[in-house]
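J.: Residue strings, one per chain:
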Amino acid sequence: MTDPVLVVHGLKVDFDTYDGIVKALDGIDVDVGRGETVGLVGETGCGKSVTVNSLVKLIPIPPGRIASGRALLHWPIRCPDCRGKGCARCQGTGTLDVCDACRGDRKCARCRGFGKYRDGKACRTCEATGRCTSCEGSGKRYVDLLQLSPKELQQVRGSAMSFIFQEPMSALNPVIPIAEQISETFYYHQRESLVQSTLAALDQEIARIRGSERGSWRLPILRFYRQLYRRMGEKPNSRFFQFLRRVPLMRRYHRWIAREMRARSLEALKKVRIPSPENVLDAYPYELSGGMMQRVVIAIALAGNPKVLIADEPTTALDVTIQSQILRLMQDLKQDIQTAIVFITHDLAIIAQVCDRVSVMYAGTIAETADARSVFQAPLHPYTRGLIGAIPRPHRDAPRLPEIKGSVPNLITPPGGCRFHPRCKFAKPAVCGSEKPLLVEALPGHRVACHMYNHNGHLWTEAEKKPQVEVVA
Amino acid sequence: MTSAEPASSEHIFKVENLKVHFPILGGVLRRPVGWVHAVDGVSFAIRRGETLGVVGESGCGKTTTGRALLRLVRVTGGSITYFAPAEDGKASSPVDLAKLKARDVRHLRRRIQIIFQDPSSSLDPRQLVKSIVGEPIRIHGMTALKCVQCGALVPIHLEAPGATCNACGGTTKPVPLHGADLEARIIELLERVGLNPEHMFRFPHEFSGGQKQRIAITRALALKPAFLVLDEPTSSLDVSVQAQILNLLKDLQRDYGLTYMFITHNLSVVRHMADRIAVMYLGRFIEVADKRKLFDRPLHPYTKGLLESIPIPDPARRRELALMKGEVPTPVNPPLGCRFHPRCPVALPHCGWEARDLQRSLEDAVRDSPESPLAQGVRDMESDGVRLRVRLKGDSEAAATALRAFLDDGAAKGLPMYQAVEGMDREGDAVVVRFLNAKEPQLKEVEPDHAVACYLY
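Line by line, the protein sequences are chains A and B. For the first sequence, this note's numbering gives the first residue as 39, with consecutive numbering after it. For the second sequence, this note's numbering gives the first residue as 13, with consecutive numbering after it.
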């Protein structure tokens, strides 16, 4: 991956329960490139949602616990020296995009890029690669989401990373009109630009009144508002405004920014092609159908111009005709705004239609990662082979479907070694039951966690290792 | 199905003009103020041993149709003729389930069973599997054939008068099922569906979704049913488990000679399971065909759209998913004529265009350009079937001209809605736009085993 926006490495998440520790994720590696659509597919309970939710701490902690791992998000910041105006430090761009740890030289801070210590031992920090671990050797500014404070995370959620959830009815607040729900994103993530355009609108109004023959009693009030908004522009997060919004009469200043937010919400609704968006603004969620609600949720998710959009089963609750509308909408929008999408679903057909790369998950591990075409046409992992074979095809008749025997294991006492081995047709108990297979690159760009394709590969015949979808004889 | 039906003996169900309407209660007295036309005139027949697939979007009435066959909902109109297959050499005469009293249906329901979508809510959480499966056996007083010599039960699907014991070949006699015999029968069934005997003493919450669905299947099988309504049996299951359950259902159909009505929204699954497929839209069957014919050459525009919106699990065959405009209208007040006409890409002028359709586009036009003479001149609108009454304000002459221009413009663009306008009359300060009267298209067999309800055919 040359230019990743999100790199997840060795993510382990446990949940403490009265029955024992649920090892929900056992070392997940995912990387998402700029503008790429990555599919995360697997059965119920395999950890798809936990993977993305734990990145921004949307899992309950406790009982959840992030045991280890890194989740690096590419996040250039506004240059603190010039506040985005352009200076020598940021080379006139207004943004800083240099790794804090290596200052852009891409070398591991521990071994200075040699991959080993002076005594010749391999560097454990960078796993002997010599690359900076804070930026994955890119020299750009990445932040580790798992280390962020709750306040910093709040800035990430909804702006750098936003979510579309499965059930639009429960993702939206039933007692707040749509316009307000969209506005929130603007208010909390784009307050500065909102204040700028509010000031512009105020200036225009003041100029209009002054230009007219008679003055107006509104003029001093508007000037006062302008003062307020200028102050808000300087200190966007001041407590003062939280207070002011609760004071009767004084809180009327908020109408000007609210008008601005409403205009932006309307634009957001138009972008997701909602019919008659003006009416939808003042509607409550219950007045909309499932497909319309999901469009609203998408509008909210895109309002913050996210770098990574996480779509967690966005069409599972919808009918097939509405599903195709939503999928098409997401594809079109993706081209417009250049955001990367992580698409979580259990429906392999959707993955095949929309994703560039696919990661197949099984019981808290990644079984296989490759571009969509190779996963579907030449799957390596026995689980993927079975899974793809088990889908009934709309355009093919088969007397029986190939099935995967058994069911997903309990994650409190997961099977030792490869977690799939009790259900695997090709399992060799000697290796598969005792040794955990690592994700290795078996073919160019095709990584798989199976003993068939690592140093134990000699135990299987070439015919067994042949990448193919399972079919019933 | 409308045209010539073969003699009824090969059928298990023959449904004619089935209607199920649910009242919307309102007011202080909770009187019905409207009706949800969930199922609105559906006719079909199910042959013995076949699987009839029913597909459609949510809210189209497919589940209600299935429930009506068991009389689990009150039937508003039509007939459901049930031809009970002969059992133990005894044939019974056909009955109309829609006319029977609820208590008379109850004993017939033994042979008409249903498997629900969500097994977690269709199994009693406080009963052991043993009593979940055993209760219907006890209620219906089921008997089993027991060997006089070795005491083994004859497997349920081999039971016939005078059958000999499977194990020792001895003679058998019918015994009521209780105690050890009941347990033996439950074990036999559990093993048949792929569960273990020790599962008998567990509660539903101890099972996974797929296993719960297997228990629900066991419960239905215990009564020796002839007909099963499968109401989305796999939609809450994962792909790999779905494959297991679908394969099991196919095996059971073969071994026990079952007839299925398979209700689903998943077109890929229905292709795998069904012999014939009925496509449902807003309470009506719009296309009924042999599954190969339906998938190879769908006729109804809705079926075409539906088939083109299924994603194919193969990135090499990635395609532009078809976009069907709009959403399913409410069944409280379904569109006139063909119910699909407002969303249909190939609609004709006589497909049933009505005042509501024009009102919607007029409102859009008014909103999009509030300065136009049309928007300035319209006070309000009132739809009444095929008549749209537009009250005008201001310069009513100019407004009426603008409205006529709007209609002519649409007709000139070839839009079927505007071509369906029959005429325009002045009534005081209002204009009434009249539409053609349209009848609803009926299911018509356009080729053998392929019926469609569309004016194109």
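To be clear, the hints were calculated from the coordinates, so they are not data collected in a lab. One thing to keep in mind: the hints can contain errors.
No farther apart than 20 Å at their CA atoms in a straight line, the calculated lysine to any residue pairs in the SDA-like style are these [claimed, not checked]:
(1) 337(B) <-> 71(A)
(2) 262(B) <-> 159(A)
(3) 316(B) <-> 387(A)
(4) 337(B) <-> 437(A)
(5) 372(A) <-> 142(B)
(6) 372(A) <-> 71(A)
(7) 308(A) <-> 302(B)
(8) 337(B) <-> 355(A)
(9) 145(A) <-> 123(A)
(10) 262(B) <-> 437(A)
(11) 142(B) <-> 235(B)
J.: Evaluate each hint against the coordinates.
T.: Hints versus structure:
no., hint, result
1, 337(B) <-> 71(A), "33 Å, violated"
2, 262(B) <-> 159(A), "61 Å, violated"
3, 316(B) <-> 387(A), "19 Å, holds"
4, 337(B) <-> 437(A), "35 Å, violated"
5, 372(A) <-> 142(B), "53 Å, violated"
6, 372(A) <-> 71(A), "13 Å, holds"
7, 308(A) <-> 302(B), "43 Å, violated"
8, 337(B) <-> 355(A), "19 Å, holds"
9, 145(A) <-> 123(A), "30 Å, violated"
10, 262(B) <-> 437(A), "9 Å, holds"
11, 142(B) <-> 235(B), "14 Å, holds"
The structure does not agree with the numbered hints 1, 2, 4, 5, 7, 9 stated previously, though it agrees with the rest.
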